[in-house]
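*Asks:* Same order as they appear, the protein sequences are chains Z and V.
Here the first sequence stands for residues 1 to 450, where the numbers follow my numbering.
Here the second sequence stands for residues 1001 to 1306, where the numbers follow my numbering.
Among these hints, one or two may not hold up.
Example chain V residues on the side facing chain Z (calculated, C-beta under 8 Å, incomplete) [stated by the list, open to error]:
| no. | residue |
| --- | --- |
| 1 | F1032 |
| 2 | T1052 |
| 3 | R1152 |
| 4 | F1153 |
| 5 | I1155 |
| 6 | G1158 |
| 7 | S1159 |
| 8 | I1161 |
| 9 | P1164 |
| 10 | D1204 |
| 11 | S1235 |
| 12 | G1248 |
| 13 | A1253 |
| 14 | Q1269 |
If you're looking for bench data, these hints aren't it; they were derived computationally from the structure.
Small disclaimer: the values here were computed from a predicted structure and weren't measured.
We treat Cβ as the ideally placed atom computed from N, Cα and C, and that holds for glycine.
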Amino acid sequence: MATQIAQLSRRGLLRLGAAAGTAGLAATALAGCGSGGSSGNGNGGGGGGGGKASLRFVFWGADDRVRRFQEVADLYMSQNPDTEILVEFGEIGALETQMSVAMSAGNLPDVFWVHGNLFPQMVAEGHVMDLTEHLGQEIKNDGFSESVLVSGNYDGRQFSLPHGLQSPCTFAKVPVLEELGIPIKTYPESYSWEEYAEYAALAHERLGPDFYGTDEPTSTGYYDPMRAWVRQRGEEFYSTDGDIGFTEATLTEWLQYWDALRANGGAVPPAIHRDDDPFFQGAPMIRNLAAFHLRNSNQIGELQKLSPEELVLMPLPGSGGEGTDSIFMFPNNLAVAADTAYPEQALHFVDFLLNDPERAEIVGTTIGSPPTQAMRDVIAPGLDAAEKQFLDYIGFEVEAGPRAMPPSPPTSGAFTGEMTTTLDAWAFGQTSIEDAVAHIFGPARDLLAG
Amino acid sequence: MSLSPTRMRRTARTQPRGRPSRAAYVFLLPWFIGIIGITAVPMIASFYLSFTSYRLGGTPSWIGAANYERMITDSSFHAASLVTARYVFISVPLQLVFALAIALVLNRGVRGLPLYRSVYYLPSLLGGSVAVAVLWRQLFATDGLVPELAGRFGIQMGSWISDPQHALSTLMILNVWTFGSPMVIFLAGLRQIPTELLEAAAVDGAGRVRRFFSITVPLLSPVIFFNLVLQLIGSFQAFTGAYIVSSGSGGPANSTLFYTLYLFQAGFQKFEMGYASALAWVLFAVIGFFTALNFVGAKYWVHYES
């Protein structure tokens, strides 16, 4: 052996190393895109009968949520010693990739929060259990109104259930509003989009040059404000047949609105906005760069902890007054894998997650508001002022009875991804509104067709 | 139980000369399983999928070369290719020059050489990690250390991370910073250059620059070639830095949309696995082309001793 090594010339060694590097490194990318053959179903090990049922429960979130859900799992296991709950969690983006691969491999967890982008495809391809017949049976559904169930409903069948309600809103710094004489408007009222633009520009004019009115939700991949904009005009983000549900004129007006705000300092410039992750601690409002922040209402508690100034939670512009019909929610939805080895236990666990008062108290509002008034009443006494604001906010939206919203098509992730890339280029001045709209209604729209 | 010399010879003869024993294959079995199951089969599958329309979780349907034809008109593909080309062809030469310069300094008999070598090598181990990418984001953000230091010298540079003109530069700097790995190889190569050649040249009146270009570089050329090939391949496949710095978007305005990041987006964000497979095979072909080009070109500038 030693002789063989000695016979390898320096030249040969170098060539061997280079060739091995070529093959090995390049193969990594190629192998990553193969299906890798079939994978076993992670649920299949135990079978349905006999022994201890083992349920994988997957959700997204940070430390606080993980700690609370582990406590919930411990509580459930103490009450149901024949069932083991394996808690798995991750950051929402990373988890989406993980779940998409699990879906492809037939290895979905037994009970899981389902990503909005993946849900349509999961339903279309039969990866999630149809829960319709189990409602009112294994899963109690008293107090679940139509408006909260709609996000998990496809063609009249219920494939997921709301676990925590959340919806888009407008956050604002109270001292800034007071200093500038800007009124606080909560449900049933809200700012109009014109008022919002006026107040945002005023914030920059009076407190600038390094302070702006609002962050700009055009190119960050957060489309709820735009969805509100189109719904308030009687249109939808997606049509019932899975196409774009808004017109080119509506999109053009939306982009012109933000162009104008960027020009007068009402909106944070893209370069500053994108300097950090634009949500949570990286949000311009939290970085003390802006007066307003458009994001999900359940974040009020966390944002308030990050902000030295008092924050207020208000409706999205245009969603109050005559616009309550356009309100919409995107709850964190619970689903059950269609091929779970323990369907009975999985449904029982889902019922516990939705309807157990002790569970509700442990989790609080960290995942959003409980979907039923009964559970909201259970947790209300233990909440701080910010969380109570949120509960009132959600309570109004649930009661408002907004019009139904068509579900996202299975290809929605590809479409919004392309749209984000396009609008990113527009935000940085690399393309015009006309070209951006043409691209979205051209190549991006083609992605919706699959 | 000792074997007689006769029996030992017989035993030895039954083993054909130069043919490995079965035991060797048994020990190699885990590797064979790995190379077939984790690399070869997925590679073959991805080649097939590259000719199909295949959404993750769905059923592939044959579409011929449509995925490859799509790249001709795909503006994001063009952007990703351009960004990657700029990254590779600017940062790799810079990294190698930097690595060679540091290796030359360390080769001058610096006291505490092992410590310096380890310190300089460390970024190579950390450079591709998420932690360093996060740190990089912090360093070049508006209120980061780099703009802060530049500000003290009167240079107002703002955030490079969120500026489409400069975002890619930060990733190039990150790549150059991970010069430790080629540096260690350069250092090993420099140590093999016979000092008598350099001394003889010095006696003949050759200056430092002449000695460097006429003796050091030619004798080091196999090592330069080795580093060049490896770094080129690695840079074509760079991913982590761009993914973290741009939060997975390749932004701002596609300025950090590395090819691998676009491939990842196609596969795992848009779930277009057929197209992602085609992208992967194009990358494979491009890397293969440049590696082959290197080998062909090597005949003209790489000098081997024997």
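*Asks:* Look at each hint and say if it fits the structure.
*Replies:* Results for each hint:
no.: 1; hint: F1032; verdict: 15 Å, violated
no.: 2; hint: T1052; verdict: 11 Å, violated
no.: 3; hint: R1152; verdict: 19 Å, violated
no.: 4; hint: F1153; verdict: 21 Å, violated
no.: 5; hint: I1155; verdict: 17 Å, violated
no.: 6; hint: G1158; verdict: 7 Å, holds
no.: 7; hint: S1159; verdict: 5 Å, holds
no.: 8; hint: I1161; verdict: 6 Å, holds
no.: 9; hint: P1164; verdict: 5 Å, holds
no.: 10; hint: D1204; verdict: 27 Å, violated
no.: 11; hint: S1235; verdict: 10 Å, violated
no.: 12; hint: G1248; verdict: 6 Å, holds
no.: 13; hint: A1253; verdict: 4 Å, holds
no.: 14; hint: Q1269; verdict: 5 Å, holds
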